[in-house]
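*Asks:* Sequence:
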Amino acid sequence: MGADRDRRRDEAAERADYHVAAQRRRAERESAKAQVLIDRFVAEASRSGLATEVLTARPWNGRGRYRTTVVGWYLRNDRSVGIGVDGRFYVLVVPPERFGRWRTVHLDPTPPPLQVGHGGRDGDSVALDTLLNLRLGRTGPS
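Residue numbering for the sequence shown follows the working numbering, beginning at 1 and increasing consecutively.
Please keep in mind that the hints were generated in silico from the structure rather than gathered at the bench. Just so you know, these numbers come straight off a predicted model, no measurement behind them. Hints should not be assumed to be uniformly reliable.
Said to hold, decoys possible - Label pairs and their calculated CB-CB ranges:
no., residue 1, residue 2, range
1, A127, V71, 20 to 28 Å
2, D108, Q23, 15 to 23 Å
3, R79, D6, 49 to 57 Å
4, R5, P111, 56 to 64 Å
5, L136, E28, 40 to 48 Å
Positions of the beta carbon are idealized from the N, C-alpha and C atoms, including for glycine.
Could you put together the complete structure from these sequences and hints?
*Replies:* Here it is, written out as structure tokens:
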């Protein structure tokens, strides 16, 4: 009876490992597609002279803004995500940092999603290409 239980536990662990690896591969493919969209956006924004600015980050508690070293464009009106001139995707909501308002905080880029805000509240999820087109001043598909 113990051997049967061990076998079932091992099989369940194998299935879980398989699903984790499959999800990782899907996320990597999605990020690669999203990066192509971002690279096109950066090229067109630079070519058209779309103004850049130093991006700021907001702590989780929502109090204040932190300076960063990232120069680029905000994608959402709430300034929660941005694209750097280096073509990297940044989530601009960070853990609270002591003296963060007076110091510059470091941001690490994150793999870009095709659906920004996926898994958030209703209405928070928007396709990346839609946000990029809106930022470029387009309303229709490119």
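*Asks:* Run every hint past the structure and note whether it holds.
*Replies:* So, going through the hints one by one against the coordinates:
1. A127 x V71: 20 to 28 Å: Taking Cβ atoms as reference, A127 and V71 lie about 25 Å apart, which means the hint holds.
2. D108 x Q23: 15 to 23 Å: This hint holds: roughly 21 Å between Cβ atoms.
3. R79 x D6: 49 to 57 Å: holds, 52 Å
4. R5 x P111: 56 to 64 Å: violated, 38 Å
5. L136 x E28: 40 to 48 Å: violated, 26 Å
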